[in-house]
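Chemist: Listed below, chain by chain, are the residues.
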Amino acid sequence: MSVKFLFPLVALIMLLIVLDRKVFMVPPLGTFLNPFIGVVQNEHTSNRNKKVNLEVSQKTEIVFDDRAVPHIFAGNQKDMFFAQGYVCASDRLWQMDFMSYISAGRLSEIFGKKFYVHDVIKRREGMSNAALRTLKYIENDQETKRALDSYTAGVNAWIKSLSYADLPVEYKLMDYTPEPWTNLKTVLIMKYVSADLSGYEEDVPASFLETVLGSEEYNKLFPNYYVKKRKEGFGIQRILDSLPVNEYINSSFLESSPEIPTGDFNPNVGSNSWVVGPKKSKSGFALLCSDPHLNLSFPSIWYELQLKSDEQNVYGYSIPGVPGVIIGFNDNISWGLTNGSDDVRDYYKLEVKDNYSYYKYDGKWIKTDSIIEEIKIRDDTSFLDIVYYSKHGPILSDSRAGDPELKGYALNWTLHDPSNEILTFIRLNKAKDYTQFKKAIEYYKCPSQNFSYADVTGNIAVHHQGKILAKKWKNQGKFIMDGTRSDQFSTDALPLDKLPYTYNPDEGYVYSANNNPYKSPNSPIIYGHYKEFRADKIDSWLSAKEKLSIDDMKTMQMDNTNRLAEVAIPVFLQKMPSGESKHLQEFAHWDYKYNKDSRIAQLFEIWWTKIKINTWDELLRYKSHKMRLDDLVLLDMICNDPDNKYFDLLSSEKTENASDIIDISFNQMLKDTTTGSNWGNLNKINIMHLSNLKEFSKTGIPLGGHPQALNSLSKKWGPSLRMIVEMSDKPKGYAVYAGGQSGNPSSDEYDRFIDAWENGRYYELKFFSNIDEGNAQAKYKWSLQ
Amino acid sequence: MGLFDFLPWWSFSVPVFLLGMLLPLKKWKVSPFLWGFIAGFMAWLLSTIYFELIYDGEIMKSVANVMKVKPYLLHPAIGLIGGLLTGLGLYSGYLLRNGREILELELPKIK
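Heads up: the protein sequence lines correspond to chains E and R, in order. So that you can map any letter, position 415 of the first sequence is 415 in this note's numbering, and since no number is skipped, the others follow by simple counting. For this note's numbering, add 785 to where a residue sits in the second sequence, where the first one is 1.
Think of the hints as simulated: they come from the structure by calculation, not from any bench. Treat the hints with caution; some may be incorrect.
Derived lysine-lysine pairs resembling DSSO-like cross-links, with alpha carbons at most 30 angstroms apart [unchecked claim]:
#1 R:K853 x E:K684
#2 E:K279 x E:K519
#3 E:K698 x R:K846
#4 E:K596 x E:K610
#5 R:K811 x E:K716
#6 E:K367 x E:K554
#7 R:K855 x E:K22
#8 R:K812 x E:K698
#9 E:K228 x E:K610
#10 E:K439 x E:K593
#11 E:K715 x E:K554
#12 E:K113 x R:K855
#13 E:K519 x E:K498
#14 R:K846 x E:K684
#15 R:K846 x E:K114
#16 R:K846 x E:K715
#17 E:K498 x E:K280
#18 E:K732 x E:K438
#19 R:K855 x E:K716
#20 R:K846 x E:K22
#21 R:K846 x E:K716
#22 E:K730 x E:K779
#23 E:K730 x E:K439
#24 E:K694 x R:K853
#25 R:K814 x E:K4
#26 R:K853 x E:K376
#27 R:K846 x E:K113
#28 R:K855 x E:K698
#29 E:K694 x R:K846
#30 R:K853 x E:K715
#31 R:K855 x E:K694
#32 R:K855 x E:K4
#33 E:K114 x R:K855
#34 E:K114 x R:K853
#35 E:K716 x E:K684
#36 E:K430 x E:K145
#37 E:K113 x R:K853
#38 R:K855 x E:K684
#39 R:K812 x E:K4
#40 R:K853 x E:K22
Here chain E stands alone, though its shape is the one from the complex (with noise of 0.2 angstroms):
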């Protein structure tokens, strides 16, 4: 024997070693690109009829309708969450997995350094520590608890019946695997959609712009207001402070500038609901409408299925790794959200000393709760965070060794508190009646959120709920708080009876689109992240028709008007000195629709970008300050207020009023480069996938619609879905989301609906009474016993 085999052998044994590995984006080739196990195994996507054996008590029915629309026929309601946690994870264990990942700030596990900072700010904002507390909390709840654990074990057993070969693409691409679902991943699944929803706010620059403006100025161009009746012409009423307590808020306060993180969250995601009670419907029955703008992923934040079991029978849309259904209809109620857009992220400055072992309250140091995160870093080694909690919440400066002024800021969220919204799902998926959901969204807390309601004895509501803090001053929660004053720190929260909601009302409808709720002087003052041209859209729409149909909801839905362009044109057309150009005529005869094949929809976005432009020069040298400036309070300036020095541009020697902005800006447009292009060429939705791999995700999709219309979308955020549903005495809904059931990239289901959706088309939804009705009309069948 020669010792020579060992020269091929050594080379064998190092290239099985090479291809056992991941190098850069490259994942180990080995395994991935091994035909038997590897990612052409993922090409694999059809479902065929199948039974398994499981823990579930009784015989477990799932039925896919022809859009793979899971119907699960259940004995009770804990084979069915087992049964939704089984299906969902079959369809979707990637996605789910990965926003629990995200959530509690652990990407590094998985991609390595590189996502370091991004893991460091989640536990610095408190995330996963909150969920952990969140999810000791509404363990307590047996009902909750029971739906959790039954919901866990279904995605377990999906994940234990996986081998390599079957694992979701991403996992092979990214070379990991799933660890077992908890509890806590349902809870953290939780945050991560809070987060999106509540995480926006402007405390900083607001601070900084208060102290350089002067509260005067400040006042009038961010004011707080109510939007005046459309029967009194559109405009806004400033409620003005009269109070200026925020005498705190100087340069001296402002002086260490803060190292708080940018959050990429986005002010634009918000919804719009409306129901139609049954006078005003044409049917007779209540109409219940429901569209969330959020931001548009891959696979999509939606999955479609219907719950069946002894005690309920409810069809809509869940939220994968969450039991239950968040938007949908029973037998008896629908109900749609949209989002409260309260503020109910604060930050208040402390005073610190020992490295952030004590803070100052009321001139006592009392020392900081300290938690430490371990951030693991794949191929490397855990790096051992400490996040200081003062009684407002995490602090979230750095600490900077040897600094003898030491100052930090403590982020209060509501979402830190533990609260159950998980039970105000689970209970209005069954809920019969007004009386039932009432009482089930009293559970709900973070974030706001409106609920609209509809039942089919044609009772109609919407509820502002949540937690939202009573401000001891008008202004609270505006700016940046003292977090060494007592009198500063509000913790209670408003009384159930004070939150706003609207019951069976005279007008025979009720619409929320992330508009400011509180509509009296009297309502509690409340500072928030309001828009309020697509509300006064739908109610414009709404009272205008005797009658209402389906399809005047689907026109609704898909209205791609410009309520800001439908406001303005008129007024300044007026202000233009006339026969200027034959723009001006098409600009008056212009249905002011953002549709995508539209030339004049893309001037008028020109023509007004100029316009906010010329008038807030003043502001650009403050533009690392960055603030939402409102539309309306512009509109509301130009019309009542046109002499306002903001209208004088600084480039010239003339003074300016709004006309002669109007004016300029028209004449700006008139030379812009893209004045030819269609309003689609330029409005391009991208729908990314979660990883932000371009090969899985749909790019540059041409567009009609716009922020200020119910067709509310831009860049990569838009209406997730759009539901309506028919309250007749079996309801009839019809719907469409952004996306597929699958998750599987390679599957015709992973972006089946989106033709349907880009073009306004909507899919008559499949409720059914019971499992003979699915059999029927089943496409596949999983029996689960």
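We have chain E; now place chain R onto it with these hints.
Modeler: Quick look at chain R alone, frame taken from chain E:
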């Protein structure tokens, strides 16, 4: 896929190695590396194509793009990996038994 639920993906190299030892490759006057390479190349490539044909998905192209590889290079790469692993495995097994004569007997034939 059955077996690989329990065994590591590279375990197929062991029987290949044994085959290299046991098959009378010397008597057949074949180059163990070349034949192993061809067999492995074909096995990996044809299996991949087979699965692509019977399944209804379309993912190989996106995956090539993710890895920043030209899509038409993916299949040769799959074949190459299968070929190298099998060729080297068979050759090592062969050499363990017939190592002494390797230089004079086999090398010229590899050309």
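Chemist: Compare the structure with each hint and give your call.
Modeler: Hints, verified against the model:
1. R:K853 x E:K684: holds, 25 angstroms
2. E:K279 x E:K519: holds, 24 angstroms
3. E:K698 x R:K846: holds, 15 angstroms
4. E:K596 x E:K610: holds, 21 angstroms
5. R:K811 x E:K716: Violated, because 65 angstroms separates the two Cα atoms, which is more than 30 angstroms.
6. E:K367 x E:K554: Status violated; Cα separation ~57 angstroms.
7. R:K855 x E:K22: holds, 19 angstroms
8. R:K812 x E:K698: Violated - the C-alpha atoms of K698 (chain E) and K812 (chain R) are around 58 angstroms apart, more than 30 angstroms.
9. E:K228 x E:K610: holds, 27 angstroms
10. E:K439 x E:K593: Distance ~41 angstroms between K439 (chain E) and K593 (chain E) Cα, so the pair is violated.
11. E:K715 x E:K554: holds, 23 angstroms
12. E:K113 x R:K855: Cα-Cα ~28 angstroms, so holds.
13. E:K519 x E:K498: holds, 12 angstroms
14. R:K846 x E:K684: Judged against 30 angstroms, a Cα distance of about 25 angstroms means the pair holds.
15. R:K846 x E:K114: The hint holds at about 27 angstroms.
16. R:K846 x E:K715: Satisfied, since the Cα-Cα distance of roughly 26 angstroms is no more than 30 angstroms.
17. E:K498 x E:K280: holds, 29 angstroms
18. E:K732 x E:K438: Holds, at roughly 23 angstroms.
19. R:K855 x E:K716: holds, 28 angstroms
20. R:K846 x E:K22: Measuring from Cα to Cα gives roughly 20 angstroms; hence the hint holds.
21. R:K846 x E:K716: This hinted pair holds, its Cα atoms lying about 25 angstroms apart.
22. E:K730 x E:K779: With a Cα-Cα distance of about 23 angstroms, the restraint between K730 (chain E) and K779 (chain E) holds, given a limit of 30 angstroms.
23. E:K730 x E:K439: Holds. K730 (chain E) to K439 (chain E) sits at ~24 angstroms (cutoff 30 angstroms).
24. E:K694 x R:K853: holds, 12 angstroms
25. R:K814 x E:K4: holds, 19 angstroms
26. R:K853 x E:K376: Given that 30 angstroms is the threshold and the Cα spacing comes to 28 angstroms, the pair holds.
27. R:K846 x E:K113: holds, 29 angstroms
28. R:K855 x E:K698: Holds - the C-alpha atoms of K698 (chain E) and K855 (chain R) are around 20 angstroms apart, at most 30 angstroms.
29. E:K694 x R:K846: At roughly 12 angstroms apart (the allowed maximum being 30 angstroms), K846 (chain R) and K694 (chain E) satisfy the hint.
30. R:K853 x E:K715: Since the Cα atoms of K853 (chain R) and K715 (chain E) sit roughly 26 angstroms apart, the hinted pair holds (cutoff 30 angstroms).
31. R:K855 x E:K694: The given pair, whose Cα atoms are some 15 angstroms apart, holds under the 30 angstroms limit.
32. R:K855 x E:K4: violated, 38 angstroms
33. E:K114 x R:K855: holds, 26 angstroms
34. E:K114 x R:K853: Roughly 20 angstroms separates the two Cα atoms, so the pair holds.
35. E:K716 x E:K684: Measuring from Cα to Cα gives roughly 9 angstroms; hence the hint holds.
36. E:K430 x E:K145: holds, 17 angstroms
37. E:K113 x R:K853: Holds, at about 22 angstroms.
38. R:K855 x E:K684: holds, 27 angstroms
39. R:K812 x E:K4: This hinted pair holds, its Cα atoms lying about 20 angstroms apart.
40. R:K853 x E:K22: holds, 14 angstroms
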